[in-house]
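Trainee: Sequence:
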Amino acid sequence: MTTPTDTNDEVKYKEISSSIHKLLTDRATGGIVTGSLDEHEMLFFNYADMFVSAHLRYHYDGHMVREGGTLLLVLNTLVTRAPRDMRSLLCILDNGSRYPYTSVSVSNNRRDVKSAGWINVYGSLIAETVTESQIDLTLRSMVQHFHEIPVELGAWGIDVGRRRKAAERKRSERLKTANEELADDHGLDDESDESTDSEATPSTEKQASERSLRPINDELLTQSLRELHELIGLESVKKEIEGLVAVTKYNITRSESGLATPPFAPHLVFVGNPGTAKTTVASHVARIYHALGLLEKAQVKVVSRVDLVAGYTGQTAIKTKEVFEEAMGGVLFIDEAYSLTDEHEGFGLEAVQTILLEMENNRGKVAVFLAGYPDQMKHFIGSNPGLQSRFDRTIEFPDYSNGDLEEIYLYLAKAQDFVLEDAARAVLVQRIEAYRRNRDFGNGREARRWLEAAIEEQARMWLASGACANSDALRTLSVEAVTAGLDRFRSGNMPTKSRVGYI
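So our numbering is basically just the index in the sequence shown, starting at one, shifted up by 827.
Hints should not be assumed to be uniformly reliable.
[Claimed, not checked] List time: in silico BS3-like cross-link candidates among lysine-lysine, alpha-carbon distance up to 27 angstroms:
#1 K1065 <-> K849
#2 K1146 <-> K1066
#3 K1066 <-> K1124
#4 K1192 <-> K1241
#5 K1076 <-> K1066
#6 K1076 <-> K1148
#7 K1192 <-> K1124
#8 K1146 <-> K849
#9 K1076 <-> K1065
#10 K1128 <-> K1146
#11 K1065 <-> K1148
#12 K1065 <-> K1124
#13 K1192 <-> K1148
#14 K1148 <-> K1128
#15 K1128 <-> K1205
#16 K1241 <-> K1148
#17 K1076 <-> K1146
#18 K1065 <-> K1205
#19 K1148 <-> K1066
#20 K1124 <-> K1076
None of these hints come from the bench; they were simulated from the model.
Quick caveat, the model's predicted, so the values are computed rather than measured.
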């Protein structure tokens, strides 16, 4: 028996049990909630397509209950019978902690000669400090395992009834959504909605899938593509995005014509060295996605490891989920994404698992862009099957050519009402061609730093000359200023991080 015998502990146990019982009851969907949270009288309830058991128990040390141990909330659901195939079982167990707070196990039943036992998905949470967010994440993680495990096993013939029930539920939800949208468009009242729902036909379901995409805004799309092409260099990147737009419009038209269309995955991987305008391009792609009707908003939320990972177990999942909520409707841009797995504490892995879970649960509501160095990103994507399946399109950002760097420098100068003397421009071209690039070369950011240093040198010379308000020195960058600015960052000086992008 897990209930404590000490009076004070018993009162505390009952308070915790009552609080958690309410949280779980509020989340139950369909069916009847039965039992308590005692280990010998478990709480049973339905959640999504799962039949879940829950109970409280003190932390076990071997076969004995340790006095004063941590009180745990344990959630469990049976998924399917496990085949007598060691390779399949190892595949499942190797990915058993893919999502936050959950694990996968196989319970052996020697009387079951047709299988190796039952595959279980379970989650363990510290009962005294459990939050609603932790319970929600655990249940949603269990749902992901519940549906993915039979697919990974290749067990399409297992639990046919459960799969049919899930398919019928999803179809019912699509029909309901379609009818609500049609009612809104035609001004129907609630009574009309019920009538339409009861007479729903397959054509209504087709309308639902068609209406899941917002109409294309051709004017905004044309403007967004034009702004993308105004960026300096990046010709291969522009070509990739043009192809992405063409395929998207093509598939939308096919879908509207009733033809089978593969699902669109808006998630992208940007690989390239620093300063190659990955963040800048992401903002343009967000506007393009919005114009195509793929995203509700054209916003981009830029984050890195520090925005996703916390220093305590369980907090990373909550922090990552909050970031997703802030990015909802637009693009979540994760810079230096490979750093999430570049540690030993496991917190970054928890962030990756939560990212995959949130992507799955918010399909069509958010696009995730991962960015970083080419080699590190290749290793990062290859380290997780979930990342490989969800990020199948990579856009490579090449380093800027010498001509591109000169053009960026002049563009930034013009934006600040500066012009270069002819001699200064000649020095700029000569120095860029002779500049030795190392691994940390900042590309567009480097051009910005050269210009900022030249402006600072120009200001020094202007003050030394008497600070005349009408002097050409207020607008014209001299050869001395440009040369001094370039000399400050000769090869050997390590570039430091500056603002992202070059515009």
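Trainee: The structure should be examined with respect to each hint, and the outcome stated for every one.
Mentor: Results of checking the hints against the structure:
Between K1065 and K849 the CA atoms are separated by roughly 53 angstroms; this puts the pair beyond 27 angstroms, and the hint is violated. Of the supplied pair hints, the one linking K1146 and K1066 is violated, its CA atoms being roughly 36 angstroms apart against a limit of 27 angstroms. For the proposed pair K1066 and K1124, the alpha carbon gap of about 24 angstroms is at most 27 angstroms, so the pair holds. A threshold of 27 angstroms between alpha carbons decides the hint, and for K1192 with K1241 the separation of about 39 angstroms lies outside it, so the pair is violated.
Restraint check for K1076 and K1066: satisfied, since their Cα atoms lie roughly 15 angstroms apart, inside the 27 angstroms limit. At roughly 31 angstroms between alpha-carbon atoms, K1076 and K1148 are farther apart than 27 angstroms, so this suggested pair is violated. Proposed proximity of K1192 and K1124 is supported: the alpha carbons are some 9 angstroms apart, at most 27 angstroms. Restraint check: the Cα-Cα separation between K1146 and K849 comes to about 24 angstroms, which is no more than 27 angstroms; the hinted pair holds.
Restraint check for K1076 and K1065: satisfied, since their Cα atoms lie roughly 17 angstroms apart, inside the 27 angstroms limit. Simply put, K1128 and K1146 have alpha-carbon atoms about 14 angstroms apart, close enough for the 27 angstroms limit, and the pair holds. With a C-alpha separation of about 32 angstroms, the suggested pairing of K1065 with K1148 is violated against the 27 angstroms cut-off. For the proposed pair K1065 and K1124, the alpha carbon gap of about 21 angstroms is at most 27 angstroms, so the pair holds.
With a C-alpha separation of about 14 angstroms, the suggested pair K1192 and K1148 falls inside the 27 angstroms cut-off, and the hint holds. About 13 angstroms separates the Cα atoms of K1148 and K1128, which keeps this hinted pair within 27 angstroms; it holds. As the CA atoms of K1128 and K1205 are separated by approximately 23 angstroms, the hinted pair is consistent with the 27 angstroms bound. With a CA separation close to 42 angstroms, the supplied pair K1241 and K1148 exceeds the 27 angstroms bound.
Between the alpha carbons of K1076 and K1146 the distance comes to roughly 35 angstroms, so the proposed pair goes past 27 angstroms and is violated. Between K1065 and K1205, the direct Cα distance comes to roughly 21 angstroms. Compliance with the 27 angstroms bound is thereby established for this hinted pair. For the suggested pair K1148 and K1066, the alpha carbons sit about 34 angstroms apart, so the restraint of at most 27 angstroms is broken. In summary, the hint linking K1124 to K1076 is supported, as the alpha carbons are separated by about 18 angstroms, within the 27 angstroms threshold.
Of the numbered hints given earlier, the model fails hints 1, 2, 4, 6, 11, 16, 17 and 19; all others are met.
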